[in-house]
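All chains should be built: construct the whole structure from the sequences, respecting the hints.
If you read the protein sequences in the order shown, they are chains B and P.
For any residue, its number in the numbering used here is found by taking its place in the first sequence, counting from 1, and adding 60.
For any residue, its number in the numbering used here is found by taking its place in the second sequence, counting from 1, and adding 60.
Each hint should be verified, as a subset may be incorrect.
The list makes no distinction among identical chains, and a pair is therefore deemed to hold if it is satisfied within one copy or across any two copies.
Below, in silico cross-link-like pairs of lysine-lysine (DSS-like), each with a Cα-Cα straight-line distance of 30 angstroms or less [claimed, not checked]: (1) Lys250 / Lys91; (2) Lys203 / Lys316; (3) Lys91 / Lys203; (4) Lys250 / Lys203; (5) Lys91 / Lys143; (6) Lys250 / Lys143.
In short, the hints are calculated from the structure, not lab data.
There are 2 protein chains.
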Amino acid sequence: MSGMQLSEQDRADIIATAEAAAEAAREITLKYFRGQALNTESKLTEGFDPVTVADRGSEEAMRAVIAARRPDDAILGEEFPPKPGTSGLTWVLDPIDGTRGFISGTPTWGVLIAVRSADECLYGVIDQPYIGERFVGGFGQAKVTGPHGERALAVRTDVTLENAIIFSTFPEVGSEEEGEAFHDLAHRCKLTRYGMDCYAYALLAAGQIDLVVEAGLQAYDILAPIAVIEAAGGIVTDWHGGPVLEGGRVLAAASKELHAQAVSILSTY
Amino acid sequence: MSGMQLSEQDRADIIATAEAAAEAAREITLKYFRGQALNTESKLTEGFDPVTVADRGSEEAMRAVIAARRPDDAILGEEFPPKPGTSGLTWVLDPIDGTRGFISGTPTWGVLIAVRSADECLYGVIDQPYIGERFVGGFGQAKVTGPHGERALAVRTDVTLENAIIFSTFPEVGSEEEGEAFHDLAHRCKLTRYGMDCYAYALLAAGQIDLVVEAGLQAYDILAPIAVIEAAGGIVTDWHGGPVLEGGRVLAAASKELHAQAVSILSTY
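Below, the structure written as structure tokens:
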């Protein structure tokens, strides 16, 4: 479906708002990442651990940016109640995707920002504040900016299953059955790696890896990756090849061929 | 053992040489990381894949720096035959630790540089070129420099086993028995994560995580982590609590208490 008709002005405004929200989230999350604020801020946490404070602060900062610049849009975030809107657009926010990576100090968690209509994901940002790396997709954009400049995002499409690199965040993946399904697929691939959270989707969009399989995701976990990967030419669905805008069991693939092969295995579970 | 007596001048020269070697390795590895050089350089690879070209180029560049500045020191590296020396010091180099992470585009592989005498590791560098992050330890230094400035490295010492964060690169760890030993220990910890290669040791030195357990390591995989972690106050041994300068089964721990608890479990395997 082609979905909503947005003017050039609307698109530019959404892109600028997403950038401003990502900048606001960077400032907050970096304040807490690796315990930078532990000594000075611990009295302010009122019983919350630093990651919870960072998570809530990051979402509040993004909500404030979006509400000020796009007052008619709805906002759905992980940490606070939904804000209704009238424009037909919803901002979907995950202030820290990969909180377990965050508390471990790994630089592969991310801030996820997505803009969706009723039936499609229009724009998405995967931001890694510590590296200073931002992957964006939608409205004709598919690029990463980071410490070594700007590059276009494009999946690689010439990899067969037996040469594919597959990622999931945890080796257990989800339930016992979901774990079995993943490993059934992973054993047919060249290389299996873990531990990257949303950063794995960014690597798929960047043409570095070929498959990401996860289970039990929420809408706010997957909408931004959908936008970025689709803009880069990849495919994100559930394990049966259907839409996954609301989360659940996620399959991201770099090519139609790999996607079909993965669905043929995962859909039997 | 107190080992070799080195003058202030010697120490400063070793530190400066290590920095220069790390800079040389950065330049080469970044040329190949994420396929930056795939189009322009593929004719030069003579059948080698890009990571092999990067690996060899990175070590050659470091060897050239060290041989020019410290001609009497020996050099031991992953990719080329040992270079003998007369000073009693040996540079131990891993030009890309985590080649599987490198080919997947994850920013958690590293360049490892260590300087050892016959009986101890004196100085070490864990460098992550893409992030621009450098962890160093030895000769009174224990610090990380990176995109957000410089910080002292110090392990955290107040974490009990049931609250510990434990890392290994692969969930299989090594042999079946080694995997069992790891999971026996990991099940007693709060959080288990995978996929970081040498970056996990850097996180332990930075006070972010508490245990790293691996098997089948080579000397060049572990000497730089030993120097950095020991400088930050941590402990690196084999699974029985003995020296691990030559590689093998490695246990890195943030505190004496955690180390003793981990040895009591791992040494039964």
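Against the structure, the hints come out as follows:
| no. | hint | result |
| --- | --- | --- |
| 1 | Lys250 / Lys91 | between (39 angstroms within a copy, 24 angstroms between copies) |
| 2 | Lys203 / Lys316 | within (21 angstroms within a copy, 47 angstroms between copies) |
| 3 | Lys91 / Lys203 | both (26 angstroms within a copy, 19 angstroms between copies) |
| 4 | Lys250 / Lys203 | within (27 angstroms within a copy, 37 angstroms between copies) |
| 5 | Lys91 / Lys143 | within (26 angstroms within a copy, 46 angstroms between copies) |
| 6 | Lys250 / Lys143 | neither (44 angstroms within a copy, 35 angstroms between copies) |
Hint 6 from the list above is the single one not met by this structure.
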